[in-house]
Amino acid sequence: MSFAIFMQYLIGGLAMGAIYSLIAVGYSMIWKSMGLLNFAQGPAVMFSGFLGITAVTLIPKGTNPILATILIVLFACVVSALIAIISHKLVHEPTLKTALKMRNINYEKMNILVATLAVGIILENTAKLIWTGEPRYFALPIGRSAIIMGDVVFSSLNMWILGVAAIIVIFLQVFLFKTKIGKAMRAVAQDKEAAALMGVNVKKSLQATFVMAYVLGAVAGILVSPIIFAFFAHGPILGIKGFSAAVLGGIYSIPGSIIGGLILGVLESLGASILGSGYRNAVAFVVLIAVLLIRPTGLFAKKVSEKL
Amino acid sequence: MLKKTPMQFQINKVFSLTLSLVILALLIPFFIGSRYVFHVGIMALMNLLLVTGLFIMTGLTGQMNLAQAAFWALGAYGYSIMVKSGHSFLTAFFVVIALGIVTGLVLGIPTMKVSGIYFSMVTIGFGEIVRIVLLNWQNLTGGGLGIREIPKPAFFGHVLNATSDFYIMAIVFVIPCVLFALFFFKSNLGLALKASGSNKIVSEAVGVNTFQMRVIAIVLNSVLAGLAGVLYAVYYGMLHPDAFTSAVSFSLVQMLVVGGLHSFVGILLMTPVLSLAFEYLRAFGEYQVIIYAVVVLLCVIFCPIGVGGRVEKFVRDRYVRR
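Protein sequences, first through last, are from chains C and L.
In terms of the numbering used here, the first sequence is residues 181 to 488.
In terms of the numbering used here, the second sequence is residues 14 to 335.
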């Protein structure tokens, strides 16, 4: 592999990795605050890609591409936040409530997992109903040109993705550490009872966490759809890649999830170049299984995961 | 001879009633006689086999298996490849069982220390890897073209061809497996398995090797799913990786939860009902899957022990007094 080709794979991998990071952070946030793995996350990312397609048709032709992109992202974020609120109110809260009454840890775990699975299936099939079952190309107004540096040629979309992801991550850190609601979310993630005693509205914070995770997913969906097409069956794959990234970096730490996403993206891109693109998706799963078997706490985690 | 107590009498009454109902239910397709009904019956029985495996693995030991379709696919592909290369039905059958045991050990032993949601994620990864390999290993599995024209097996000089033949074959497959499962749950091993799932620390304290139990559960599950795969390959006569996606695994887990995570009777009851419902919801076209998912959600929220589990509990409380 020549250096130029290696660089192209590396840049493509980093861009995909940045998207996985965004999904992974969502997983990590929900996991930390609720101990819950949300299977609807992947389908929600896929769904927002389709929302982007709809938003493109709504925006008039001559709009400034950057402004148009911001509008598209905003539209997807708002709708995803609504989905998050609705599914949280209608599904997660009642399920958790009935599950807690059962006093049987197995029921509790399985039922909530199955509930999120069902939400994911509903999202997928709604997308199929609204936007047909065909893979659809999503033309983002930005990132249409190519960047040429010597022998290295790549789409400017990759740079946009990396930039947007970086901005989002910085915003997220500011939000979590400087704003009141962000601090409340972190407090609830650490200890629900203590947070409640300090006057934090636990219910509201959990919901805010959900909304944040879905909003991050929406941005990821908008960024990923121009690369892999918007397709209703992409949900679970995106979801498990986000989760693999989170596990790789340590699901209890948000910076870990971000780095895990980048590593996963690069590994996947280089793996596909060596094994052939048919095995591209297998790389993430092999990484996931290897990490879980060798170091289940992830590469950068401090906290020991529960083994029971 | 001991005199029968009223309780025993009641259990026997319930038992014989159930038995006759089961036999009647199995005979229904013969009364109606249409091919479609036989088809639905075969699907229901195949699902029953798969969900029985899931029940042993997920219901008893509490390890959520989200790759049942992959185990199923391995059985189907193993059988088809053997038969295609000229081996007899019986050889292929035993190869599938051996393959099931090996798969169970390969997945079970390394993942002994991983549990809970991490384990379910490993199974998802396993399922996707199996599907990707099936799609890409062109020489062995036919890749995206799949395997076609799998020879139909012949028993006693009679080649299975009519849909009713396959239905009978499915019954012959399923009944021993279900009986085995019923006896297994009452055996020491089955009880130890159950204990390891409901409370790991306590069961270890009384001397149950929980790791071993988990591996046994995975092996049993993968063998049962492999048998379902043989049924699939024989019935359809063709295979394609797209028939074994994670969506299929998810729907099987949904069947398990709606049937009752801890109630085998509930599963025996609800799996055929759900399979039927799924087939007949096709009338709603594209809304089929959505309606199904909503039903599952309602069940999880309002009836967390499962509809079948609820029915079993009702019958137990009412007719089997302790």
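What the hints contain is simulated information worked out from the structure, not anything from laboratory work.
Hints are not guaranteed to be accurate.
The calculated label-pair distances, taken between Cβ atoms and stated as ranges, are [unchecked claim]:
id: 1; chain 1: C; residue 1: GLU273; chain 2: L; residue 2: PHE198; range: 28 to 38 Å
id: 2; chain 1: C; residue 1: LEU473; chain 2: L; residue 2: GLY99; range: 34 to 44 Å
id: 3; chain 1: C; residue 1: THR312; chain 2: L; residue 2: GLN151; range: 26 to 36 Å
id: 4; chain 1: L; residue 1: ALA38; chain 2: C; residue 2: ILE239; range: 55 to 65 Å
id: 5; chain 1: C; residue 1: VAL382; chain 2: L; residue 2: LEU40; range: 49 to 59 Å
id: 6; chain 1: C; residue 1: LYS383; chain 2: L; residue 2: VAL215; range: 46 to 56 Å
id: 7; chain 1: C; residue 1: ILE310; chain 2: L; residue 2: ASN222; range: 27 to 37 Å
Non-contacting residues of chain C with respect to chain L, defined by C-beta distances greater than 12 Å in every case (computed) [what the hints assert, rightly or not]:
id: 8; residue: MET181
id: 9; residue: TYR189
id: 10; residue: LEU217
id: 11; residue: LEU276
id: 12; residue: THR278
id: 13; residue: LYS281
id: 14; residue: THR296
id: 15; residue: ILE302
id: 16; residue: ALA326
id: 17; residue: GLU373
id: 18; residue: VAL463
id: 19; residue: VAL471
Source: prediction; values computed, not measured.
Idealized CB from N, CA, C, for every residue including glycine.
For each hint, the structure was consulted:
Between GLU273 (chain C) and PHE198 (chain L), the C-beta spacing of about 35 Å keeps the proposed range 28 to 38 Å intact. Range check, LEU473 (chain C) to GLY99 (chain L): about 38 Å between beta-carbon atoms, so the 34 to 44 Å window is met. For THR312 (chain C) paired with GLN151 (chain L), a C-beta distance near 30 Å keeps the hint of 26 to 36 Å intact. The hinted window of 55 to 65 Å between ALA38 (chain L) and ILE239 (chain C) holds, with their beta carbons roughly 58 Å apart.
A C-beta distance of roughly 56 Å is found between VAL382 (chain C) and LEU40 (chain L), which places it inside the suggested range of 49 to 59 Å. Range check, LYS383 (chain C) to VAL215 (chain L): Cβ separation about 34 Å, and the 46 to 56 Å hint is violated. At about 51 Å, the CB distance of ILE310 (chain C) to ASN222 (chain L) disagrees with the hint of 27 to 37 Å. For MET181 (chain C), the shortest C-beta to C-beta distance to chain L comes to about 21 Å, beyond the 12 Å cut-off, and the non-interface label holds.
The beta carbon of TYR189 (chain C) sits about 20 Å from the closest Cβ of chain L, which is more than 12 Å, so the claim that it is off the interface holds. Distance check on LEU217 (chain C): its Cβ comes as close as 5 Å (rounded) to a Cβ of chain L, failing to clear the 12 Å threshold; non-interface status is violated. The non-interface label for LEU276 (chain C) is inconsistent with chain L: the shortest C-beta to C-beta separation is roughly 10 Å, within 12 Å. A Cβ of chain L approaches the Cβ of THR278 (chain C) within 12 Å, the least distance being about 5 Å, so the stated non-interface status is violated.
Remark: the non-interface label on LYS281 (chain C) conflicts with the geometry, its nearest Cβ contact in chain L lying 8 Å away (cut-off 12 Å). Taking the minimum C-beta to C-beta distance to chain L, about 10 Å, the non-interface status of THR296 (chain C) is violated against the 12 Å cut. Look at ILE302 (chain C): its CB is around 5 Å from the nearest CB on chain L, not clear of 12 Å, so calling it non-interface is violated. Distance check for ALA326 (chain C) against chain L: the nearest CB is about 30 Å away, which clears 12 Å, and the non-interface claim stands.
Non-interface status of GLU373 (chain C) relative to chain L is upheld: no Cβ of that chain comes within 12 Å, the nearest being about 22 Å off. A cut-off of 12 Å between C-beta atoms contradicts the statement that VAL463 (chain C) is not in contact with chain L; the least separation is 10 Å. VAL471 (chain C), annotated as away from the interface, has a beta carbon of chain L within 12 Å; the closest lies near 10 Å.
Violation of the numbered hints given earlier is confined to hints 6, 7, 10, 11, 12, 13, 14, 15, 18, 19; the remaining hints are satisfied by the structure.
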